[in-house]
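Student: Listed below, chain by chain, are the residues.
Protein chains: 2
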Amino acid sequence: MAPLRIDPIAEARRHWTERWGDEPARPMAAVTSIMRAQQVLLARLNELLRPLGLTFPRYEALMLLSFTRAGALPLGKIGERLQVHRTSVTNIIDKLEAGGLVRRVPHEGDRRATLARITEEGLETARRATALLNDAAFGIDALADEDQEAVTTLLRALRVDAGDFVDVAPARR
Amino acid sequence: MAPLRIDPIAEARRHWTERWGDEPARPMAAVTSIMRAQQVLLARLNELLRPLGLTFPRYEALMLLSFTRAGALPLGKIGERLQVHRTSVTNIIDKLEAGGLVRRVPHEGDRRATLARITEEGLETARRATALLNDAAFGIDALADEDQEAVTTLLRALRVDAGDFVDVAPARR
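Note that the protein sequences, when read in sequence, are chains H and W.
Those letters in the first sequence? Residues -17 to 155, by this note's numbering.
Those letters in the second sequence? Residues -17 to 155, by this note's numbering.
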């Protein structure tokens, strides 16, 4: 798509400010910026990962498994850690299993639970994918180093607010 | 889902730093933070909009139309401005039309093009939806005012880099 001659978010913000004032215009612009940034980044990362048969969510699951000592986790735990719903986990693991990158194995201690275990090929694919993404600075090298750091710090408050994890300082609501 | 006892992004960053150093760990954390923030915000906004039969992308299309003088735009223009693909625009307009919020009308000057025109009910729904989202500070009130502003400013460089619009200063690549 050809670039627009105006910043569409700045334009929306101008409309907002005119009609409803600065107060709602500011969070509207911030949220719309996050939505668009995610869209840009996800497209870039999926593009980088496509030759390896991965998408970014599948890559995240693969890395999570690769970081565990046993190379395996119960599916429920994968959902908790990736903060995605059960059905999404099932879909992600199905795709990874079809590609030979993980295998479902029974949980030794709990007959009702299933583990996903990363395979040798999964480990090798995770290594290659990580090299690609690291080299591409995860698609965000348009931001200066300190600006990348600032993004992480600023958005942390939202993740705490969403109940993603227990912060040392109590969340605002 | 119960909150985790550790910040999953900080945990991933620790693994990254150990294996590949600070350099790729920093952008990884920033990008993963944006992905998660988007997920949290989209869920909140969709939840707020559900009683009105809207999703956030449908709401964005409705607002875009409400801001035009004629209340109508060609479908191609809607895609450009919302920066989504043609098929997504078609889907969004289909849903809005089914709800009586927009109507497809022929383009007077161009027989091949179709316009989407917002209806009276669409305008009223847009007003009610905006009141809901403005009151909820678009789900991002966990961030202080200046932090919301900083997010918009920081992510602008990524949008310019993605070619979303032409910046006054030339983009880095």
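In case anyone wonders, no lab produced these hints; they're calculated from the structure.
Be aware that one or more of the hints could be misleading.
Label-pair distances were calculated between CB atoms; the ranges are [to be verified]:
(1) T72/W with W2/H: 44 to 50 angstroms
(2) V87/H with A80/W: 42 to 48 angstroms
(3) G145/W with D76/H: 32 to 38 angstroms
(4) W2/W with R32/H: 52 to 58 angstroms
(5) E90/W with R32/H: 38 to 44 angstroms
Partial pick of chain W residues on the chain H-facing surface, computed with a CB cut under 7 angstroms [to be verified]:
(6) M10
(7) N116
(8) G145
This one's a predicted model, so the numbers in the text were calculated from it and none came from an experiment.
In this text, a Cβ means the ideal position worked out from N, Cα and C, and glycines have one as well.
Student: It remains to establish, for every hint, whether it holds in the given structure.
Tutor: Now for the hints, and whether the structure bears them out:
no.: 1; hint: T72/W with W2/H: 44 to 50 angstroms; verdict: 30 angstroms, violated
no.: 2; hint: V87/H with A80/W: 42 to 48 angstroms; verdict: 46 angstroms, holds
no.: 3; hint: G145/W with D76/H: 32 to 38 angstroms; verdict: 35 angstroms, holds
no.: 4; hint: W2/W with R32/H: 52 to 58 angstroms; verdict: 22 angstroms, violated
no.: 5; hint: E90/W with R32/H: 38 to 44 angstroms; verdict: 42 angstroms, holds
no.: 6; hint: M10; verdict: 5 angstroms, holds
no.: 7; hint: N116; verdict: 4 angstroms, holds
no.: 8; hint: G145; verdict: 5 angstroms, holds
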